[in-house]
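Asks: Please construct the entire structure, taking both the sequences and the accompanying hints into account.
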Amino acid sequence: MSKELLPGLALQKVDERIMTLNVGPQHPGSGHMRIIVQIDGDFIVACDPDPGYVHRGEEKMAEYRNYITNIPHLERPVIHDSCNVLYPYVLGVEEILGIEVPERAKYVRVIASELNRCIYTMYWLAIYGIFLGHSTMFMWPAGDRELLIDLMEKMTGARVTHAHFVPGGVRNDLPANFEDVCLRQVNYFEKRIKEYAAVFYDNPILIARTKDTGVLSRQDAIRLGTTGSVLRASGVDYDLRKKEPYDVYDELDVHTNVMKEGDSYARSKVPWLDMMESCNIIRQALQKMPKSGSVRVKLKPNPKGKVFDTVYKRVESGRGSLGCYIVSDAKPEPYRVKLSVGSFRNLIALPYLLKGEKLGNMPSVYWSLNYWPVEADR
Amino acid sequence: MSSDSENEQIETTLEEKPVSAKTSPAPAKEIELPKFEKGIADKIVEKFGPKVKVAFVKPDRVGINVGKEDVTEVAEFLRDVLNFDHAESVSGVDYPNDKEIEVVYHLGSYTDSTLARQILVLATRAQREENPIPGNDATKLPSLREIFYSVEFHEREVFEMLGVYFQGHPDNRRLLLPEDWADLPPLRKDFAIKGR
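From first to last, the protein sequence lines stand for chains A and B. Taking this note's numbering, the leading residue of the first sequence gets 1, the next gets one more, and so forth. Taking this note's numbering, the leading residue of the second sequence gets 1, the next gets one more, and so forth.
Don't take every hint at face value.
Okay, derived cross-link-like pairs now, BS3-like style, lysine-lysine, Cα gap no bigger than 27 Å in a straight line [unchecked claim]:
id : chain 1 : residue 1 : chain 2 : residue 2
1  : B       : 58        : A       : 331
2  : B       : 38        : A       : 306
3  : B       : 68        : B       : 47
To be clear, the hints were calculated from the coordinates, so they are not data collected in a lab.
Replies: See the structure below:
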């Protein structure tokens, strides 16, 4: 290998007025992330996000393990949303192996993935609260998500990192009496999160700090290829659960939350509205789920596809569309696994939004992008 | 109806499509190409002819292979005429046996509601070097950043992970790897994980 510098790696020479500031790489919310900002007085003139401090080489690791042993490590990028991170991979492997999933397993998956979405969003919301110095908003979501974590523990045996989805269904059937407990907890959870409006979303201080900061117009949201709550907060009605329903989402009534403003406030509110929608979906799924039946198709050891094939599957995760591109060359190990994650796609909006913004607005803009450093780095 | 496969293909074009797709997935497995997706592929082939090879037509997915000298032109057509407006993902795949590295763009559309389910898989290949010098060897492709702004970070990732230099990309720096990474680009097949 050459010792020459890579193109563009040399340090930039900057104007005398302009100061370069390294924000990080510490642990600002979750996962290490560095943002290099250049400021002129109080205003940001340029911003260069520098992810990669938690790069773990998931995609390389996936090439060395077979389709089943890949499951526990591929969910690591977002442990709070582990079902959703695994979802496209599992769907892709099912297409490669040609497996049909039992009906009950599909409903269990939908329930698990909606519970995970809420668990993730609550954690994200707690950090958003503490980013803005609102400690109540840190404590409340961090406490209330325990309700749902308990449910996931009942369902899968693990509080986080469930490794519950497997090609062919889910690992275990629901425990006895789960439906009743789930319904009760979810109803209470919904009642609780509605109370957040009074303390957080209608709070004049929050509104003053986040309204009209970091405005992303509809055109730019599309052009930059953002996804998930960032996209929906800019007025684009796009949710994969509705647009490209996977598993049984086409049998459920899914409402998409869209806001037009495109500022930090809208971006922080859409995930909260999505949580209430998740509660609706869980209630519908509990009602429509077949009361008994198999939840898993047994696979042969070391399953493999028959021919060279590529699949690209995507699901709506807590941070937007999450795609998984699998290249299979008829061996037990995948030839290539690529995760296209929402955090990485939304990161491109950060330099764009921070330009011209005040330095004090950086935390609210940064975390409103629904960005999860560990997921972006993979 | 199910006895003759050719008859069925003709009939399904006349009947309503969703019925045949939903009720009988098993017999329709081999013959029936999804109509809408086939239309997209046909439009591209009609415009570019032999420059473009249709790799596959599956439900909601159309895959095309393009040579690197035509990829910009094809991408412009996809954006301006077919309304694909953003890239979901850019993946690099190393094929040492073919001595090539494939770069796969997954394009989607937010503005055109008929394309909401569709992903267009645009694949192009660059020459692979045995002893790569990232940025200074023949492993180069034209960047699509001018056409799809959203590929900016994805192409940076492909550059560091596979050593494919994107000509015309404004910011060809490392993104995830350390600045002083001096080994092979790690997603190449000849980069081995220790102990495996």
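Asks: Confirm or reject each hint.
Replies: Tested hints:
Restraint check for residue 58(B) and residue 331(A): satisfied, since their Cα atoms lie roughly 22 Å apart, inside the 27 Å limit. A threshold of 27 Å between alpha carbons decides the hint, and for residue 38(B) with residue 306(A) the separation of about 24 Å falls inside it, so the pair holds. With a CA separation close to 17 Å, the supplied pair residue 68(B) and residue 47(B) stays within the 27 Å bound.
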